[in-house]
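Student: Now that you have both chains on their own, put them together as the hints suggest.
These protein sequence lines map, in sequence, to chains F and E. With UniProt numbering, the residue at position 25 of the first sequence is 25, and numbering never jumps. With UniProt numbering, the residue at position 145 of the second sequence is 145, and numbering never jumps.
Just so you know, nobody snuck in bad clues.
Listed next, the in silico SDA-like pairs over lysine to any residue satisfying Cα-Cα at most 25 Å (straight line):
hint, chain 1, residue 1, chain 2, residue 2
1, E, K98, F, G34
2, E, K98, F, G12
3, E, K98, F, R7
4, E, K98, F, R50
5, E, K98, F, A48
6, E, K158, E, E118
7, E, K158, E, Y187
8, E, K381, E, A348
9, E, K158, E, L119
10, E, K98, F, E75
11, E, K381, E, V133
12, E, K98, F, E47
13, E, K98, F, P38
14, E, K98, F, P26
15, E, K381, E, Y37
16, E, K98, F, L14
17, E, K98, F, P45
18, E, K98, E, G83
19, E, K98, F, I16
20, E, K98, E, A62
Keep in mind the hints are simulated off the structure, nothing from the lab.
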Amino acid sequence: MGENGWRVRVDGSLCIGAGICASTAPSHFALDDGLSQPLAERIQPDEAVRDAADSCPMEAITVFDVVTGVQVAPEP
Amino acid sequence: MATPPSYPFSPPERLDLDPRYARLRREEPLVRVRLPYGEPVWLATRHADVRTVLGDARFSRAVAAGRDEPRNTERRQDNGILGMDPPEHTRLRRLVAKAFTARRVEQLRGQTRATAHELVDGLLAAGPPADLVAHVATPLPIRVICDLLGVPVTDQDKFHTWSEAIVSTTSLSGEQVQRYLDNLFGYMTGLIEQRRREPADDLLTAMVQARDADADRLTEDEVIQLAAGLLAAGHETTVTQIPNFVYVLLTAEQGWARLCADPGLVPSAVEELMRYVPLGATAGFARYALEDVELGGVLVRAGEPVLVSIASANRDETVFTEPDTLDLARAVNPHLGFGHGAHHCVGAQLARMELQVVLETLLERTPGLRLAVPESELTWKSGLLVRGLTALPVSW
Ligand code: HEM
Ligand code: SF4
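Chain E on its own, in the form it takes in the complex (with noise of 0.2 Å):
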């Protein structure tokens, strides 16, 4: 048999999406192709498909831990919660999900507008033009975590620092991969000790107190782990989504000069972005079948693994009109960018929250935004799990 083809099919080029996608969906939905490291493995490209394979009991995360996982990087990394199936995962998961409902999410709304004027009354001193990434992308979402956790956020530029482990596929080396996860775990470590000599009304304490109150169902590693995972997850995402939406916004037709006409589109807008932006470089986290399931055409045999690819289901043709376009105003939306089923993002209703208050934030006080040098300019991270932009020079 032919050695399948390696993914990504092609070096993430700005927030491109490779023409293959389209053409493996209407033809080979289900491919067979290989990461850098680990065993070949299915890649699902339909909506329909990418639900199933995240959603569906027959497909397991728990499995690849015993088995050759397909990779990014040579070493192997222990997922935490990414790497259970319920029931287990459900135990860890229940821990924190209360925290980020869209109830408890509201409260921080006001807060978090508070702070995203306080960033864009330092971005309107510094320039123009000014760098949105350094003024406002990076700081408000780990502002917002720092806060929830009970993170003191003078830490900041320690722990960004380590958070670059969860994303990094090339841009760090093996070992500095596990120099700063021992250091993000080991600091949190710390907190966690710390918060059980002085409870404070944050959510380490309250997973500090559920852990000693339930010492059989937790271990003190799982909720270090966990903590530690909700911080840097907590923060990388959101911090290279918040440029890449603006960076969308700025260079699309119906981008930022509609949302200005009609600011009440932000919600709409927030989610036609998740959808829009292909924010994975690679992917990730395959799922094994634990029985023998029909998809795609074939026959995924029990103990194969799939990966799927986000981007690709949310441009499907047969759920989304005109996929290819962005509409801020779309009605139906079903994207799949925080994912689904049991792993379906945890912060999702507090990232939704953030890239609306930034956006909402940023057409108030700039309704004159626009790039400060031509996009070719302008610099990609390279080396990540994530696409995103190293800096966004902005005028106003």
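Isolated chain F (complex conformation) (with noise of 0.2 Å):
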């Protein structure tokens, strides 16, 4: 992966391990002893890792541009 991309962080003291982030985008989130993980913290641009951002209870995915290092999900 070269310079582009997205960051993606999960907030284990926000998570509640509803796994709804596991299921919508499996490819990208697990649940490691009840909290979920990136499976990689650099990605390509994915609209189903925005999708779980945005449809975490407690957002505590974050997902950031790594070029412009602008937020990209969850939507305020």
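Tutor: What follows is the structure, given as structure tokens:
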């Protein structure tokens, strides 16, 4: 992967393990010991990840554009 | 092969849990059962397996539409969002998820508190004794979801009646269910049309605007059905859980008195009560395996349906210490009372907040709360997907 793409984070102090992300974007999130973890921190843009971040009830998932540093999701 | 046993194993009795679940978790965690209608189905009773069925993309809700889905009513129902898989499901869910995040729900807490106090004023004026179901438990969730969606609370008698259609098993005839659903959808169609003409600051308007901005991705029917679903699901369950919670607190050891002594326990008490109360009277919304899956020591074949018992998962002794004991201070509590995975209850944060506010308000205003009749005289609803009281007469 080059210098572009997205950076995905899950804030473990916010996550309640509801598993919506892992069901919505199974190739990007998995639950580990009840809490969500991104499978990779740097990814190529993928709408499923944006959807997962927008669907998380705790807004625990944040997605940033690596180049611009702008938050891609969740929507404010 | 012998006919599988019918499910539920026994008619719901108050909030008691059939002892068979404990044995099944130990000895036969995946068991064949039959609901009143539809094909035979697996039932998962362990926490880990229930989570897999609800959360793993190898299990599908959408497949059910083309099958003789196990069900509690003769008629098939279109389950809307609860009948879809990602990414279809996500498309709809995203439309409303933002309105139900913990952050957005927090903004509604103050207003909900004011409503709770006003309703408790009414309870106090009517008794003692007075009915908690009529005075507090029913009107509170209705007002909250009405405010959020933008539905006139003055129409509550109509839509509260119609909403029973989504939780009825035998309480309504098939024809009544259809008529109530038609009424509910018709009502919602009118409201949505009205918001299109006169936008307001509410979720219905936001849904209409999202649909009109992106008509290729959302159909009008989908939006109507989702809005009607939110209105109905947004109060039926919470209306039922409030009296269930208060009933358990007033009858269990270490219940109301403990909470009075330490009101700071309310948030963990709500989680514990979500775990402890077996809300479901039966099961529904079976998931279909998309491929062969090893589950609970059994190979579930591709195309076979699986139901889950959330109540059983919530008493799994491998996850919860002393699972049959109510512990209002339980620290580790990964209960599945709001489900898990893609369909995890979209209203979970809202329901949590409402339940917390009701308990806090009652603790403050009526610390001496107690049942006004002997426990044996309480009457329970029947013929519904959920267990609940028809009335809860209390004194203070
Ligand atoms: C204490 C109250 C509540 C309980 C116990 C509860 C429980 C549940 C459960 C267990 C599910 C998952 C069903 C499954 O996967 O088979 C669910 C889904 C759902 N709930 Fe709730 N719920 C409550 C309150 C609410 C509220 C307040 C709303 C609306 C604002 C709501 C709206 C929904 C919707 C729309 C779904 C379907 C979600 C989807 O398919 O993505 N619920 N609920
Ligand atoms: S959707 Fe949010 S709260 Fe749920 S598991 Fe994923 S990150 Fe955690």
